[in-house]
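Asks: Single-letter residue listing:
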Amino acid sequence: MAERSFAAEVGKLRHGAGTTLHVEGILAVTKALLQSGVAYVGGYQGAPISHLMDVLGDAREILDELGVYFENSASEATAAAMLAASVHQPLRGAVTWKSPVGTNVASDALANLSSGGVTGGALVILGEDYGEGSSIMQERSHAFAMKSQMWLLDPRPNLTAIVEAVQAGFELSEASNTPVFLELRLRSCHLHGSFVATDNRRPPLTVAEAAARPVRDVDRIVLPPASFRHEREKLQHRWPAAVRFITERGLNEVFGNGRADVGIIVQGGLYNTLNRSLELLGCSDPFGRTRVPLYVMNVTYPVVDSEILEFCRDKRAVLMVEEGQPDYLEQNLNAILRRADMPTALHGKDMLPAGGGEYTSQAVTRGLHTFLRRYLPDAVTGEPALLRDTDDTHSPFATAVEPGVVRPRPPGLCTGCPERPIFSGLKLAERQTGRHHVSADIGCHLFAINAPFDLGATTMGYGLGSAGAAALSSPDSQRRTIAVMGDGGFWHNGLTSGVGNAVFNRSDQLLVVVDNDYAAATGGQDVPSSRAASPTRSTRHPIETAVRGVGVEWARTIDDTCDVAGVRDAFVQALTDEATGPKVLVMQSECQLNRQRRVNPERAKAIKEGKRVVRERFGVDPETCTGDHACIRISGCPSLTITDNPDPMRTDPIATVTDSCVGCGVCGANAHAAVLCPSFYRTDVVHNPTRRDRFLAKARSWWIGVAGRGLERRAARFEPPGAQTAGVEPARVEVAA
Amino acid sequence: MTRSLTGSASAGPSWYSGRRPLTLAILAMGGEGGGVLADWVVALAERAGHRAQSTSVAGVAQRTGATVYYVELFPPAGPDDGPAGGPADQGRPEPVLSLFPTPGEVDVVIASELMEAGRAVQRGFATPDRTTLIASTHRVYAIDEKMAPGDGRTDSAALLDGARRGSRRLVAADFADIAAQARSVISAALFGALAGAGVLPFDRERFEAQIRAFGKAVEPSLRAFAGGYAAAAEQPPPTPRNSQQAVVDIAIGPRPRTAEERKAEQEARRSRIAAADPAALVGPALRPLARRVGELPGAARSMALYGLVRTALYQDLGYAERYLQRVARIAGRDPDPDGTAALTTEAARHVGLWMCYQDTIQVAHQKVRAARMARIRTEAGAEPDQLVAVREFLHPQIDEITDTLPTRLGAALRRSRPFQRLVRAATGQGMILNTSSIVGYSLLTTMARARPLRPRSLRFGREQAAIEQWLDVAAAAEPDLACEILRCQGVLKGYGATYAHGNDSFAALLRAARALAGTPGAAATLAGLRAAALADEDGATLRARLAEAGLG
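Those protein sequences? They're chains A and B, same order as listed. Residue numbering for the first sequence follows the numbering used here, starting at 1 and increasing by one per position. Residue numbering for the second sequence follows the numbering used here, starting at 1 and increasing by one per position.
Simulated from the structure, these hints should not be mistaken for laboratory data. Backbone N, C-alpha and C define an ideal beta-carbon position, used for all residues, glycine too. Hints are not guaranteed to be accurate.
[Stated by the list, open to error] Label pairs and their calculated CB-CB ranges:
{"no.": "1", "chain 1": "A", "residue 1": "540", "chain 2": "B", "residue 2": "216", "range": "28 to 34 Å"}
{"no.": "2", "chain 1": "B", "residue 1": "543", "chain 2": "A", "residue 2": "457", "range": "23 to 29 Å"}
{"no.": "3", "chain 1": "B", "residue 1": "524", "chain 2": "A", "residue 2": "560", "range": "47 to 53 Å"}
[What the hints assert, rightly or not] Some, not all, of what chain A presents toward chain B, calculated at C-beta under 8 Å:
{"no.": "4", "residue": "279"}
{"no.": "5", "residue": "287"}
{"no.": "6", "residue": "357"}
{"no.": "7", "residue": "397"}
{"no.": "8", "residue": "401"}
{"no.": "9", "residue": "412"}
{"no.": "10", "residue": "632"}
{"no.": "11", "residue": "653"}
{"no.": "12", "residue": "675"}
{"no.": "13", "residue": "685"}
[Said to hold, decoys possible] Okay, derived cross-link-like pairs now, DSBU-like style, lysine-lysine, Cα gap no bigger than 30 Å in a straight line:
{"no.": "14", "chain 1": "A", "residue 1": "611", "chain 2": "B", "residue 2": "216"}
{"no.": "15", "chain 1": "A", "residue 1": "234", "chain 2": "A", "residue 2": "147"}
{"no.": "16", "chain 1": "A", "residue 1": "12", "chain 2": "B", "residue 2": "216"}
{"no.": "17", "chain 1": "B", "residue 1": "216", "chain 2": "A", "residue 2": "605"}
Here chain A stands alone, though its shape is the one from the complex:
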């Protein structure tokens, strides 16, 4: 079950024509799919389109009513291959993933699909993870469209525009027999806005009906001689058909043409940012009534030569606003203008940031200002503060907060995360075995590369942690290499690319599979090894069984990662064992974020029903803690932090446990396994005590009063009345047992 439930929102998917829906971008896309008569949907989760998969999962009932087939694909390659259903049959299909990483994985299937072409509309919704908050390498998906000649839609960040792009995408795909990418930038996926709905449409042909009447056409299969024909078809038929559809439907837009003899060409996704920049320079208003002509490319591939030439015909100069690098569009525009011998000056990365990076409002405003100051200075009537030098007192960056005062806050493992003790245990094991090469993978566990663990040397892609350790795991090496992989990556491809490979090549590596019941990093989706029963998916397939199935002989499952000493010992054993071949440690504990979401309501209910419930949390004694923070250096838990030293004689901050503690037990286990300090304690608060509990409470309280009385009396001779040397508030003293 996913981390975020859309059960409440999916009701909105039922709304019919005329209703205005106020929703997030992802829900709008889902609604648009249903309005387009989509027959099947698949995909692989990952920010920023994880929620699209979650919405679809929660919308099962509606999908079933409409006869729409939905699959949680095993990988992006699986999802892309699923579009094969649209090759021969007039079925509309959509798949989604995080890009460009997902597109990398899918590109084999996409290349095959786009070579043969499609009959039914095939749409790939890309969640473009670029810029601030991105978790992946900074590349553009644009290249995939170019190399496979698939069309790329980049709609304005406006829900109506996005919904229309989904519908137009299917039609464009069908009109040109070509699969289509729909690119949604990070912020567009999480964009809250509104659009007017139309009715949902049942697919004219369902997948069940299509499967009942198989169709086959050998010309669509990628094998000579058809494959050579496909390449000609792409250029001679599909491309012209696409251009015809784009121009006839007016998918790209022109604004304010004729108002000036310079213009701006912009990717649709950057339109809102550009208009804001124009407003700031006094060249447009909130409703986009611009004084500088704009050509908005809602389709960024293919570029429509005739529209470019038409737009540039009466312009002295044009600015191309294109995010990311390389500058594919600018290069393309230069070729178009040169071929037509058009004298219009073209600017782009010479004025806008060329070194990559998101085109923020600031970046675009500065570049646009340079362009307009040169070609249309009269139009610039506004000078926003951000254009000023940083040493100008009116610059927004002038009020300096010393750079060192604000520290970076990288993402890390959550409070009570069961992956934390795995890395604590590994750090402790390394004290005995020495340091090892650690090959990391994609997933929450990758946060171990940061402080305080500083573990992990490389990461080669999802599920490739084991493969990334292949060369350094040769049977000749004296020091065993450690590979880490999550359960998500394991089922995505790690079982074959990593484990199978290690078995076959007799690798000596130690593979740690973090088995936390969910694809946690992407939002807690189920995986085949999830231990919860799912009404719609087959779960409970143990990872250890899977690795033994492909030939691993040395495999162990640790079913409580919070037992740090146990984890440490397992590591030491696996790193020193004489056995040859790959060693696999399955580290099993439920993702705390999902566990809390599951357990909290259950506990609240039990307490309400009068059942005995014990609530646990950890604490640190301020008197005993000397403020050396060794505990933090092997944990990094958000709820284990520091606070002012209440002791007036001491100055360094002491460790403390905040209320957010979920009582996972790692603090105590660390204190033991690493022989830390005696400051840690666990508090167990009993709700709805039994009679035995109540008797015990009375007896203990009495005894503590008696046994402690002498010590307190002695202390009272030395301590000032009502106070304690440790500086604890006097008010708290009187509550003595």
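Since the structure of chain A is already known, use the hints to place chain B on it.
Replies: Below, chain B alone, put in the same frame as chain A:
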């Protein structure tokens, strides 16, 4: 080259004539409810007929990292704007809202924590000419602040100053505390502050209606909302200023005090009492000794009284007297007895801390104090008659046990194989002791009562000798260096391996101090070396600095 702008086609009312959305950025950490807060603002505005758009950058930022939520609210159409009437290319039927906060153009910034407020200023989102900055003054420390073996915290006062200088109006309060008091979450308190600051064109009822419509934990949320509202309403906007000066001349109003400042004020009060009537700050048995504290420099008396109580409690009156003698020895060399008396104060602090080193008896004593047991109950939010069990995670090492015993016995046991096996069996994997149980509490109080054995123990002798040696070095040095030598006690911290490492660092520092005596800049060099000793866990930085200084 001609420059032409064809036609009169004026755009509608522009950005600079006020036709612009209200912009709001929320800087929060993943999991703090920043998204819920943004959703509330959007829903609230939509109900009031505004067009609202919000975006966020989720992804890995959700996992405790810093993240920004951005909201734009566009008021309902006025008479001279609204949907464009002309041909299709003359504009959009609805306002075009941005997905990015623009530096210098953000009306309201909400920072869920003090360093995030600093980040908002640093990124140019909060600016002195425009922004109302609503900031919670509590700190959630970044990992590198937490990890430092000493005090790695950034300066809260600098952050608060930056927040004030970087905003037109600062609304600052500990909204985390307000939320905790209401047993709610910070987003509700911040929503209240947003309402209380009066920066959005919606009244309080509309805000509260939004919380009710949300329907989850309504009552606690409304309580937190009310707390946040009141805190913001207490901080009205600055009186209108000359618009020419508005940007440059930032009114320096009173700013909320940081926790450190409040602590300093308390200390100042105490110091006044300590100077006038030292006996008032100790228990009856210590009053005669406390009067002798009056012979020490005035500024150091408060610290000396802390030390006096601490040493007496740790051992006995004789030990407290010994403490006083040690401090007096250094006080005699204080160059500024009528001023700050820094040398005496540091002596009072560090001699006291060292004399009360954390041995097993001391730890046991700390664990069984009534105030501690009471504090734990409060912390856990336990009702008066609720059963609370407190379990200690102890891991006494052989050395720590034998060190506590009388010297001969300790030395014998340390060599004894059977004893070693016994201890390993009992505590090798660590032991969990239930202090709240009859057996556990009895065990610990017995241990705490072993105090009279302490002066005969192996460790006691060792520590006293080390203290004397340290004080000898300090007493022989000129005052500035002496002060730094005393402060070197600060590296003696932790238990087990951390403690052993601290001892090594201290020995190296003391060697360096001896070598530095009489050289120019000795005090500053030693201070630098001490900071290096606390920079890491393995002593690499200290070794490097010692080598640089030619002392390695």
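Asks: Are the hints correct? Go through all of them and say.
Replies: Evaluated hints:
Separated by about 32 Å at the C-beta atoms, residue 540 of chain A and residue 216 of chain B satisfy the suggested range of 28 to 34 Å. Hint check: residue 543 of chain B to residue 457 of chain A, Cβ distance near 26 Å, so the stated range 23 to 29 Å holds. Taking the beta carbon of each, residue 524 of chain B and residue 560 of chain A are about 51 Å apart, inside 47 to 53 Å as hinted. For the restraint placing residue 279 of chain A at the interface with chain B, the shortest Cβ-Cβ distance is roughly 4 Å, inside the 8 Å limit, so the hint holds.
A cut of 8 Å between beta carbons decides the hint on residue 287 of chain A: the least distance to chain B is about 4 Å, and the hint holds. Restraint check, residue 357 of chain A versus chain B: the minimum CB separation of about 12 Å is more than 8 Å; hint violated. Checking residue 397 of chain A against chain B: minimum C-beta separation of about 5 Å stays under 8 Å; hint holds. The closest approach between the C-beta of residue 401 of chain A and any C-beta of chain B is roughly 4 Å, which is under the 8 Å cut-off, so the hint is satisfied.
With 8 Å as the threshold, the beta carbon of residue 412 of chain A comes within range of chain B, its nearest partner Cβ sitting at about 5 Å, so the hint holds. Contact between residue 632 of chain A and chain B, as hinted, is supported at the beta carbon level, the nearest pair being about 5 Å apart and thus within 8 Å. Taking 8 Å as the C-beta cut-off, the interface hint given for residue 653 of chain A holds, the closest approach to chain B being about 6 Å. The interface hint given for residue 675 of chain A holds, since its Cβ lies 5 Å from the closest Cβ of chain B, which is under the 8 Å cut-off.
Given the 8 Å rule on beta carbons, the hint for residue 685 of chain A holds: about 5 Å separates it from the nearest Cβ of chain B. Between residue 611 of chain A and residue 216 of chain B the alpha-carbon distance is near 24 Å, which keeps this suggested pair within the 30 Å criterion. Between the alpha carbons of residue 234 of chain A and residue 147 of chain A the distance comes to roughly 12 Å, so the proposed pair stays at or under 30 Å and holds. This hinted pair checks out: residue 12 of chain A and residue 216 of chain B have alpha carbons roughly 20 Å apart, not beyond 30 Å.
Distance check on the hinted pair: residue 216 of chain B and residue 605 of chain A sit about 16 Å apart at the alpha-carbon level, within 30 Å; holds.
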